[in-house]
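Q: Could you put the whole structure together from the sequences, leaning on the hints where they help?
Residue numbering for the sequence shown follows the numbering used here, beginning at 19 and increasing consecutively.
Honestly, the hints are just simulated from the structure, not real lab data. Where a beta carbon is used, it is the ideal one built from N, C-alpha and C, also for glycine. No false leads were mixed into what you were given.
The calculated label-pair distances, taken between Cβ atoms and stated as ranges, are:
(1) 105 x 31: 16 to 24 Å
(2) 22 x 138: 34 to 42 Å
(3) 105 x 49: 19 to 27 Å
(4) 119 x 57: 35 to 43 Å
(5) 33 x 116: 38 to 46 Å
(6) 136 x 113: 16 to 24 Å
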Amino acid sequence: MNQTLQWSDLGDIKTGRGNLGTELPVEMYRLLQYTIMDELTERFGSEDAEQILRSAGYRAGAVFSQSLLEKKEDFYDFVSELQEKLKTMKIGILRVEKADLEKLELVMTVSEDLDCSGLSLQDNTVCVYDEGFIAGILDDYTGKTFDVKEVDCWATGDRTCRFKAHATN
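A: Listed below in structure tokens is the structure:
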């Protein structure tokens, strides 16, 4: 995937938002994400809209990993660093439930996530952006291509989002 976005493209937020600071309410993040998803769905259909949002999440995850994570050699040290960064940046609380490092298969949960924690019940999982975000991070860390699928979601009645990830190459 051709990636042109760099972390520096996000600008100097502290200088640019001297009075308002670097944070915003989760509702505003969701308003942005959900209106983009609505627009994409109207123009291209739900399947393509989800793929576009997943791909955008992938790009964001790769840039996030390249710019903010040290890529510690030990997987569990890397996970610890990732957990701390996601919590500090108020993205969510990551937990690895299962990790088969030989097969490169993982089961992870993200609680209190930006995308869906607190939503009312829906018929389907909604965290397609997160699927891409996690895949982008894992791809950058391992050099392998990962498929990440949300299998449980707050929006479907669970109290945490659960993702299964596995390397495809």
